[in-house]
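Engineer: Could you put together the complete structure from these sequences and hints?
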Amino acid sequence: MRKLWWKILCIVVFFYVIIVGFMGPVPRLPIINESIRNTYFHVAIWMAMIFLLFVAMIFSIKYLKKGEIRNDDIASELTKSGIFLGFLGCMTGSFWANFTWGDPWPNDPKLNGAAVGMLIYLAYLLLRSSFEDEQRRARISSVYNIFAFSVFIPIIYILPRLTDSLHPGSGGNSTFGSLDVDNQIRAVLYPAVIAYILIGLWLAELRIRIKMIKRIQEERFIDGGSKLG
Amino acid sequence: MNTMKRVSIFILSLMTLSGKLLAQAVEVDAVPMADKLRADGKIWVVVAVVAIVFTGIAVNMLRIDFKLKKIEKELNIK
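Protein chains in written order, with this note's numbering: chain X, 2 to 230; chain B, 42 to 119.
Where hints are given, some of them may not hold.
[To be verified] According to the in silico footprint, chain X covers these stretches of chain B (three or more CB under 8 angstroms from chain X):
1. 71-77
2. 82-92
3. 101-113
Keep in mind the hints are simulated off the structure, nothing from the lab. The structure presented is a predicted model; accordingly, all values stated were derived computationally and were not measured. Heads up, the beta-carbon is just placed ideally off N, CA and C, and yes, glycines get one too.
Structural biologist: Structural data, given as structure tokens:
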């Protein structure tokens, strides 16, 4: 976890995305013009977020099976990273929509679904903060995390495909394989997803380490007190 | 680095110019893109700005990382 290599890799891939993302060739499409390069940022952020939240759900399940508080630490910090990326994705998407669709928040099922999903995860944070006891907090928030992810995926992937939507890949638009993403874009998009996943993991790892330090300091403080008493 | 920049700008302007020349023969797409920015070389400003912002973030995260490593060593955590 504390190895440096994947953090350096994250930085290197980010620089690759920044440089090739702006200098590399992209398909020339009307309406969207150069802002198709936002694919490397907005879309990549959402894909990375889904991955992080999925892994967080796995760790929540692991905690419920064994009860080791470390799994809950990891799950909660990964979820926080995912929520952070989700907010970035919403802001970048809204900005992009303002220029291409003419409206920062058109009534699009995918956008509304994403907003609802973000609210569900914010409620997860609220839930965590309402408990004092560590084990109870971990147990209840783990269960909530599993439900939250299980609801999030249908809201943003399945429902938009069933109705009319502005988003590519939903309700009448070509999916992410034909017109919008060709091999030129894929060459930068996939590394960008990896870069965002790694930076989300890095942020989570820093916070997990701080939590562990606090926990060990508390334990030693209590131990020192009991030795005196 | 300066000569490399100049060479790449020169090559980029050659490419954009040659595209315009070919337009007479083939009905090429008239989709407006940031070709002027590229021909001027100003696109590098965009790249530089984003790269600088990201470098700042990365350096700060690395500093936090090393500070935590120091504390962990003091407390003797694995």
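Engineer: With reference to the structure, classify each hint as holding or not holding.
Structural biologist: Verification of the hints:
1. 71-77: Since three or more residues must qualify, the claim that chain X covers the segment 71-77 of chain B holds, with 4 doing so at under 8 angstroms.
2. 82-92: holds (count 5)
3. 101-113: Contact hint for the segment 101-113 of chain B vs chain X: holds, 8 residues under 8 angstroms.
The earlier numbered hints are all upheld by this structure, with none contradicted.
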